[in-house]
Amino acid sequence: MHEFDTLNDALLARRHSNSTVRFIAASRDDRVLGYGDVFALARDRLGLFRDRGIGTGDELIISVTDNLDFVVAFWACLLGGIVAVPIAAGSTEEHRLKLLRVAGKLSQPALFVDRKAASRLAAMAAGGEHEARWQLLESRVVYTEETAPLVADDADSKADPSRIPAWVHPASPDSIAFIQFSSGSTSAPKGVVLTHGNLVANLAMIMQGMAISADDSVFSWMPLTHDMGLIGMHLTPLLADCDNMLMATELFVRRPAAWLQRVSELRASITSSPNFGYQHLLRNWDEDRHGPVDLASVRLIFNGAEPISAELCEAFMTRLAGSGLDSDAMFPVYGLAEASLAVSFPPLDARWQVESLDRGQLGVGQQVMRQATGKSAIRLVSVGQPLDGVEVAIRDRNGIALAQEHVGRVHIRGPNVTRGYLDAPDINRELISDDGWLDTGDLGVIIDGRLYITGRDKDILFVSGLNVYPHDLEDVLIRDTSLERGKLAVSSRRSSDNSEDELLVFVQHRGDTDAFVDTVRTVTRVLAMKAGVKVSAVIPTPRIPRTTSGKVQRFALVEQYANGELVAVMDPRNVAGNT
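If you count by the numbering used here, then the sequence shown holds residues 4 to 582, one letter each, in order.
It cannot be assumed that every hint is accurate.
[Unchecked claim] Below, in silico cross-link-like pairs of lysine-lysine (BS3-like), each with a Cα-Cα straight-line distance of 27 angstroms or less: (1) Lys554 x Lys533; (2) Lys193 x Lys108; (3) Lys461 x Lys378; (4) Lys119 x Lys108; (5) Lys378 x Lys537; (6) Lys108 x Lys554; (7) Lys533 x Lys378; (8) Lys490 x Lys461; (9) Lys461 x Lys537; (10) Lys490 x Lys554; (11) Lys533 x Lys461; (12) Lys193 x Lys554; (13) Lys461 x Lys193; (14) Lys554 x Lys378; (15) Lys533 x Lys490; (16) Lys461 x Lys554; (17) Lys378 x Lys490; (18) Lys490 x Lys537; (19) Lys461 x Lys108; (20) Lys537 x Lys554.
[Said to hold, decoys possible] Quick list of simulated restraints, FRET-style, between CB atoms: (21) Thr516 x Pro350: 42 to 52 angstroms; (22) Arg524 x Ala135: 45 to 55 angstroms; (23) Thr516 x Thr59: 50 to 60 angstroms; (24) Thr95 x Val35: 43 to 53 angstroms; (25) Asp483 x Ser20: 44 to 54 angstroms.
FYI, nobody ran anything at the bench for these hints, they're computed from the structure.
Only a predicted model underlies this, so the values are computations on that prediction, with no experimental measurement involved.
Glycine included, each C-beta is placed from N, C-alpha and C at the ideal position.
Please construct the entire structure, taking both the sequences and the accompanying hints into account.
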């Protein structure tokens with residue numbers, strides 16, 4: 004039994020709460036609103052949307068950089084029965100292409116965006132394949148600049164708590180709340196349809212699993228267009244009736260130290276980051292320059308959204324050991340948009356667990372070899388046990404259940420799991436069974452009742468007679484060379500005879516290609532010695548593309564290499580070995 008049937012019920016209840024949402028500003032001139040203020044502002048914003056012809060059942064793409072604008076627009080959609088579609092407001096052509104392709108998948112799309120971003124969309128679409136689509140969408144654009152100043156002063160937020168204003172859409176658990184589009188290939192973004200019932204069920208599981216209370220406060224720099232940022236770090240504290248602190252992702256990227264500085268100042272108890280964030284912080288953290296921080300208030304630091312690095316967890320906790328941070332605060336979790344957000348959490352009363360497995364025994368259907376040592380060892384972090392109400396099964400590629408300690412595809416079932424992808428009947432039939440089991444596409448293994456994620460099935464590489472994972476090889480290079488996390492990516496393409504994958508290593512490099520030859524030699528030698536695999540090409544690239552949550556977009560690099568946009572650098576001493 005959940006406290007609320009819909010997200011609308013939750014905000015209606017919280018409009019009389021004393022808890023707040025703090026919008027962190029670079030200038031420290033933070034904007035602090037009560038949940039009642041958010042409710043009032045959402046009502047006003049909904050009035051604007053309706054004035055512009057956006058009605059119940061229509062979809063609104065929310066693509067804004069300001070967290071306050073996003074939160075108000077998101078709740079306006081929910082309260083008005085408009086289907087919210089969060090899309091990252093990136094500055095690259097890749098982001099703009101994704102937005103237009105997403106719009107093409109919607110039946111009645113509208114767009115909430117700033118004028119500068121809209122002009123860039125128009126310029127990119129002009130004369131191209133997306134011109135007609137943009138012309139249709141442009142007629143239903145609401146600009147952030149045309150909205151009235153956000154001033155919260157509303158009788159609805161101070162009225163009888165039992166009274167539901169007539170303008171609030173009567174959502175049901177089966178009503179669609181929002182559509183979360185994948186951050187994968189821009190050519191075919193998949194829309195995960197999430198209902199109010201899905202989300203409320205998962206939020207109840209999350210709150211139980213983290214034992215959150217009104218005494219907690221949740222701080223996040225993660226993008227609200229990402230499920231961990233929106234559901235985990237905004238909706239969770241609202242339903243739990245505790246304080247919420249939201250910092251712009253762009254501020255964290257520019258000034259990563261601001262994350263822990265503000266957590267320290269505001270005495271936050273819960274925060275989160277994927278691998279990317281921990282590495283970015285460590286690379287830029289200077290105790291003397293940024294001053295000491297007091298993290299004794301922090302009881303949980305969620306770690307998720309991409310494969311979790313044991314070495315990075317240890318480095319982060321070691322670096323901040325003098326800050327008062329609890330050594331058990333690291334909280335590695337597993338989830339995905341198809342589960343609304345969360346699937347498994349570790350127990351609160353135990354230190355996070357690491358298993359050392361033989362990387363040669365991680366193929367689908369294989370039994371793992373534990374306590375591995377030497378160059379064959381790969382360290383995996385446990386992501387805990389399934390949340391109460393979620394079922395997890397490990398199966399082979401034919402859907403047959405596998406025993407514990409065997410690697411297979413992770414299947415999930417529960418009230419939080421989506422009933423399908425938007426307008427994708429073939430994919431739905433392939434990945435979702437009649438009895439509600441969803442094939443996540445992730446590979447994992449259960450050891451002593453704990454779940455470990457080994458990677459994505461589609462990412463697994465067959466190289467030199469071995470099944471290997473890109474993130475594992477990246478970890479080898481980071482550990483045994485001077486290359487830095489976030490500045491390299493491992494991927495592959497099929498060999499000309501289709502017998503195996505050709506291993507490709509992309510390294511961020513902007514200098515002379517002659518100077519890159521030493522990198523080619525180092526990468527080739529280390530992966531041969533430490534992982535037993537042959538590298539087909541080492542390729543310099545000016546940047547490593549990432550999603551808004553920090554995941555490396557390997558497919559984009561492979562596409563650029565295939566199109567001739569990126570060129571491999573050969574070792575003149577061994578050209579034949581790198582072709």
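* Enumerate the violated hints, using their earlier numbering and listing them in ascending order. => 24
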